[in-house]
Amino acid sequence: MQRTPAGETVIVPRNFKLLEELEGSEKGHGDMAISYGLVDPGDTFLREWNGGILGPPGTYHDGRFYELRITCTDNYPAEPPTVKFISKINMTCVDPRSGLVQHSRLSATKNWNRNLGIEQILTGLRREMCSDANRRLRQPAEGLTF
Amino acid sequence: MSGGSLPRRIVKETQRLIADPVAGISATPYADNLRYFAVAIEGPSDSCYEEGVFQLELFLPADYPMAPPKVRFLTKIYHPNVDKLGRICLDILKEKWSPALQIRTVLLSIQALMSAPNPDDPLDNTVADVWKNDEAKALETAREFTKNFAAKKE
Numbered sequence: 001m002q003r004t005p006a007g008e009t010v011i012v013p014r015n016f017k018l019l020e021e022l023e024g025s026e027k028g029h030g031d032m033a034i035s036y037g038l039v040d041p042g043d044t045f046l047r048e049w050n051g052g053i054l055g056p057p058g059t060y061h062d063g064r065f066y067e068l069r070i071t072c073t074d075n076y077p078a079e080p081p082t083v084k085f086i087s088k089i090n091m092t093c094v095d096p097r098s099g100l101v102q103h104s105r106l107s108a109t110k111n112w113n114r115n116l117g118i119e120q121i122l123t124g125l126r127r128e129m130c131s132d133a134n135r136r137l138r139q140p141a142e143g144l145t146f
Numbered sequence: 001m002s003g004g005s006l007p008r009r010i011v012k013e014t015q016r017l018i019a020d021p022v023a024g025i026s027a028t029p030y031a032d033n034l035r036y037f038a039v040a041i042e043g044p045s046d047s048c049y050e051e052g053v054f055q056l057e058l059f060l061p062a063d064y065p066m067a068p069p070k071v072r073f074l075t076k077i078y079h080p081n082v083d084k085l086g087r088i089c090l091d092i093l094k095e096k097w098s099p100a101l102q103i104r105t106v107l108l109s110i111q112a113l114m115s116a117p118n119p120d121d122p123l124d125n126t127v128a129d130v131w132k133n134d135e136a137k138a139l140e141t142a143r144e145f146t147k148n149f150a151a152k153k154e
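Residue numbers (UniProt numbering), protein chains in the order written: chain A, 1 to 146; chain B, 1 to 154.
Next comes chain A alone, as it looks inside the complex (with noise of 0.2 Å):
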């Protein structure tokens, strides 16, 4: 959302901000400790993505690489996109059966509002990893899914 100095609040339409997010992703991210980009190159309405975190170091995460599945619905950015982790993780905000990610247990879904994106979430749950309450926590396995 961005306001025109005649006080104007300009809305971007759902395709051109999940446009603007490829482009984002295409650039990278300096050290790659996130990445994502649409399943099919070429889905139309840009609802399929492929995210990737890499585990943060000093935590139990460390060394690890989890791959996650992004839906972004027709509502999207008015609501939150729904996010899922493919690899088996153990994490509080995610649901040990489904890996599905809470929204109301992740601050970046929680405070959502439409000025952020697919980046804002997997740098949340990066950083999440590091939080006091999933550093330490044991970990499945490595390579399981869910």
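Keep in mind that the hints were calculated from the coordinates and are not lab data.
The reader is advised that the hints may include incorrect statements.
[Unchecked claim] Calculated lysine-lysine pairs in the BS3-like style (CA-CA distance at most 27 Å, straight line):
1) A:Lys27 x B:Lys84
2) B:Lys76 x A:Lys27
3) A:Lys27 x B:Lys94
4) B:Lys96 x A:Lys27
5) B:Lys12 x A:Lys17
6) B:Lys96 x A:Lys17
7) A:Lys17 x B:Lys76
8) A:Lys17 x B:Lys84
Got chain A; can you put chain B on it based on the hints?
Frame of chain A, contents of chain B only:
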């Protein structure tokens, strides 16, 4: 919801698009976002897109008209200057943009690009290669795409 006042320039452009539309092109703003337009362009006659109607979307960013509109195809189209996501390679949408241009000129340029694909400045290399090496096959594929994805609804 777009709050505040829409710039007069955009209001004028919209009024004229509706009152005096370009042949073969329609552009209608969405009621809940007056900077966002549903666009339909008829495939130019004598082109491989003839008989098709192509849906596009267009958005006027906050810094329009200092910055160009954002526009892309929603209907699948086989064209060397359009990529898989419908993004269009057109100089006036990038470095050749000038605030003197309008939504109308942009849509006319896209229509012209459909009449005259430019495989030497491609966005989709695979499509451009076919276009350069076997134009007959490229045109046939483009016609097939038009029939499959852009057929006029009765």
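Against the structure, the hints come out as follows:
1. A:Lys27 x B:Lys84: With Cα atoms ~19 Å apart, lysine 27 of chain A and lysine 84 of chain B stay inside 27 Å; holds.
2. B:Lys76 x A:Lys27: Holds - the C-alpha atoms of lysine 27 of chain A and lysine 76 of chain B are around 26 Å apart, at most 27 Å.
3. A:Lys27 x B:Lys94: This hinted pair holds, its Cα atoms lying about 18 Å apart.
4. B:Lys96 x A:Lys27: It holds: about 23 Å lies between the C-alpha atoms, which stays within 27 Å.
5. B:Lys12 x A:Lys17: Distance of about 26 Å is within 27 Å: holds.
6. B:Lys96 x A:Lys17: holds (23 Å)
7. A:Lys17 x B:Lys76: holds (20 Å)
8. A:Lys17 x B:Lys84: holds (17 Å)
Hint compliance for this structure: every hint is met.
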